[in-house]
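Colleague: Here the structure of chain R is known, so what remains is to put chains D and C in place on it, guided by the hints.
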Amino acid sequence: MPEAFPVTINGATCLVAQGTTVAAAMLLVEQPSRISVTGEQRAALCGMGICFECSAVVNGTSHRRTCQILCERNMTVETDR
Amino acid sequence: MTRAEVLVIGAGPAGIAAATAASENGSKVVVLDDNAAPGGQIWRSATVEENNSPKRRSKDTKRRALERLRRSGAQVLSSRCVFTVEASGTLQTLHEAASASLVEKFHFEKLILATGARERFLPFPGWTLPGVFGAGGLQALVKGGYPVAGKRVVVAGTGPLLLAVAAHLTEDGAIISSVVEQAALARLAPFAASLWAHPAKLLQGARYRSKLWKTPYRTGCWVVEAVAGRAGQRLKAVRITDGARIWTEPCDLLACGYHLVPNTEIATLLGCAFRDGFVQVDQAQRTSLPNVFCAGELTGIAGLEAAMVQGEIAGLACTGRTDASLQKGAEAERIFSERMEKAFALRTELRSLPQPETIVCRCEDVTFASLRGYTGWTDAKLQTRCGMGPCQGRICGPAVEHLLGWKPVSVRQPLFPVPLQAFLLPE
Amino acid sequence: MKPFDILIVGAGIVGSAVARECALIGWRVGVIEAGIPAGGATAAGMGHVVVMDDSPAQLSLTAFSRSLWRQESGKLPKSAEYESCGTIWVAADEEEMAEVHARQKVYDKAGIEAHALTPAELAIEEPNLRRGLAGGLLVPQDGVLYPPAAAGFYLAEARRLGAEVFLARALSASQGRVSLSNGMNLVAERIVLAVGVECELLPSLPILKRKGHLIITDCYPGFLHHQLVELGYLKSAHKVVEDSVAFNIQPRQTGQLLLGSSRQYSNEKPEAEAEMLRRMIERAKEYMPGLEKLSALRVWTGFRAATTDKLPLIGPAEGLSEDRSLWLAAGFEGLGVTNAPGAARLLLDGMLGRESAIDAKPYLPARLTEPARFTHA
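Protein chains in written order, with the numbering used here: chain R, 885 to 965; chain D, 53 to 479; chain C, 23 to 399.
Since the hints were derived computationally from the structure, they do not count as laboratory data. Please read these numbers as outputs of a predicted model, since none were measured by experiment. Glycine residues also receive a C-beta, built at the ideal position from the N, C-alpha and C atoms. Treat the hints with caution; some may be incorrect.
[Stated by the list, open to error] Here are the computed distance ranges between Cβ atoms for each label pair:
| # | chain 1 | residue 1 | chain 2 | residue 2 | range |
| --- | --- | --- | --- | --- | --- |
| 1 | C | R182 | D | R386 | 47 to 57 Å |
| 2 | D | G141 | C | R182 | 45 to 55 Å |
| 3 | C | R182 | D | A238 | 45 to 55 Å |
| 4 | C | E94 | R | N894 | 37 to 47 Å |
| 5 | R | N958 | C | R152 | 24 to 34 Å |
| 6 | D | N77 | C | E293 | 33 to 43 Å |
| 7 | D | T427 | C | P25 | 19 to 29 Å |
| 8 | D | E138 | C | S106 | 40 to 50 Å |
| 9 | C | E308 | R | G895 | 27 to 37 Å |
| 10 | C | E293 | D | T427 | 17 to 27 Å |
| 11 | C | A145 | R | N958 | 30 to 40 Å |
Only chain R is shown next, with the shape it has when bound in the complex (with noise of 0.2 Å):
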């Protein structure tokens, strides 16, 4: 069994495996990681750190890119709402 701990998205805390990506962990709680310039909800596309549609704060720092970024126990993540 694969470790899990906890990591808080928009207030929620929820429980990732160790080695999830910061955006799989978005996808997982079905929370778009940005608004668009015309108010688009946005989720990740490219997974490969390209196309930037997955960018969100992590840890108090804006526009991460959160494919290429593993989940750690009590990372805070906060997206365009």
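Modeller: Frame of chain R; chains D and C shown alone:
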């Protein structure tokens, strides 16, 4: 500052082969890769523990290659994103960890570009909905821990990648309702026939087909719309056409990508010569710049074997060695690559996929209609801001090239967005 | 081809403004552009609409031109992103604060609304400025816009009124004839050079290139509310030979920040220079420490067209050329966007013999060859 004799950018199959060959032959080699672990796209490691079903084959080729790389002594630095390069022999990377980012500087005598390819996205109504992913994109996210078990998935677009993705997703418990391939059967049949000349690829193909024997593989079909469900915010179905009729398939996820385009930004920035959109190389994989080599998808979309052979040639060339049998192998792969390009060439109907209000540039929400009437990429970019977002035109550029025939023109540093403090590193 | 009333070489913000102004009075207008319309300095610059008082003539022109922008702002398309966000001239110390008060008096007299801000008021207006600054001068009616779209609008308006645009290089322009690289020869009563830094058509043009660097960040809504300029900007703008940087930052409607500025002489390289970027960001950090964490999307450079006395050349090319058909709208340095509508109006006034809203003498090209005739304090 780290000094390397040979600096390899990209730790996919080509970069791994190049670094191994150069290091085994005595060069001090550093490999820079932007993912968390080596393997690139085709050998992307799952960062979560993969399900241990006996059907999941251990990828021997990959395991052997990584093991040999490790033994060769080449230094592999992961999560490094190259954002500036000078032909004179320096570059800088951004190392993104969860809590901070760090700028590192490298000096190289020889550079091997093995930056691989990315998916080509073609805009269609609804493609920006959550639930719509690239084909390789969804696979990558699944390897990063996104569970798809029990989810209904349509895999669409073009290219051998579709079968690989569908097979992989099946192993992860997804229900692939269909694979929708825009190439007509008439175009694919000669390509499939030619696989007899490439037994390894044939076996790959057979493996995929064996996993997907129940899955409809619809050729000559393409997705015309991703349909939203509740509140218009998530995907619930796709509309598919064969050119004559249109039908709707309900689904949870759409994995849609139109083959691959090479990640040529560094090569363009350095001023390497190109041919037909790919980096031009000689038999030793040397570019038009004497100290810059190139291997893998950058020289032509040709798949795994080509990448490995070219990488080895490039690595050897950096240490002054050649191998005639390798070069023969590379030539054979080039022929395969040409057949593949022909088979999966994009049909003209895909140019009329977007509606006027379909978004083409996702970073700046620029619609198809607003791109009309300009003389070229630079003109359109200036007036509409298409391509001026964080992806720097990597997503919309190939789409615009396909739709309007405009080739994106220039590449500038930084190659990726970096924090302003990255510019404060003293010389 | 029938003769034109006017041929304008250059479809940047200035050339496009001139084209529209002339088309509005029914003239037959031709515009010639060798590259992408608005693709030169217009594309590179910061798009500020700002009153500058480094000289009375500059104050007069920028105030006049700014009022024209304000009048027209309702007509501009959304893509021009016109925003009347105001400027704050930031004072770092008491010496600069004294200058704030001096300037406020000058602005008051000129009818430009301006408010001196105490450190507390400055902190309320811009929370991300560091503590410990001496205050600032808020000029609320200054604005920002996206220059290529504004220039594109002017050009489109001119076309709507019958202007023709020729996408070709002007190989020669004299005696009312312009020959183009596409083989065409155009004839006009008047030729205007609005060519930025490309002066091959009139080598005697006393234009100096001043290279600038710019950076645009990702979106940080609410980080910045006004354009900010350090009062040291003027000191930098006056440096004649040294490379210099000055803090200048502007918000975009998306929340992206546009950061400048740098000035270099005798540097024709279009590439961005690491050392200048480093100095520019270090300078910016001294005012907004939080900037260094922000994500930079793109970096680019541009060349401003500068004159020796910091004022543009608007009027007949007399003194620089014997050619009576030749007119100039050139040398706008960092104020091309600000001064474009005003310059277009003054130029046309001069051609029509019409009285101008402001005294046009200080900008006449002839001043540079007959300095005794013109005095501006």
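Colleague: None of the hints should be skipped; say for each whether it holds.
Modeller: Hint by hint, here is what the structure shows:
For the pair R182 of chain C and R386 of chain D, the beta carbons lie near 53 Å from each other, so the given range of 47 to 57 Å is met. Judged by the Cβ atoms, the range 45 to 55 Å given for G141 of chain D and R182 of chain C holds: they are separated by roughly 53 Å. The hinted window of 45 to 55 Å between R182 of chain C and A238 of chain D holds, with their beta carbons roughly 50 Å apart. In this structure the supplied range 37 to 47 Å holds for E94 of chain C paired with N894 of chain R, their Cβ-Cβ distance being about 43 Å.
Range check, N958 of chain R to R152 of chain C: Cβ separation about 31 Å, and the 24 to 34 Å hint holds. Taking 33 to 43 Å as the suggested C-beta distance range, the pair N77 of chain D and E293 of chain C conforms, at roughly 35 Å. Distance hint check: the CB atoms of T427 of chain D and P25 of chain C are about 27 Å apart, consistent with the given range 19 to 29 Å. Between E138 of chain D and S106 of chain C the beta carbon distance is about 42 Å. The supplied range of 40 to 50 Å therefore holds.
Separated by about 36 Å at the C-beta atoms, E308 of chain C and G895 of chain R satisfy the suggested range of 27 to 37 Å. For E293 of chain C and T427 of chain D, the Cβ-Cβ distance of about 25 Å falls inside the hinted range of 17 to 27 Å, so the restraint holds. Separated by about 33 Å at the C-beta atoms, A145 of chain C and N958 of chain R satisfy the suggested range of 30 to 40 Å.
The structure shown violates none of the earlier numbered hints.
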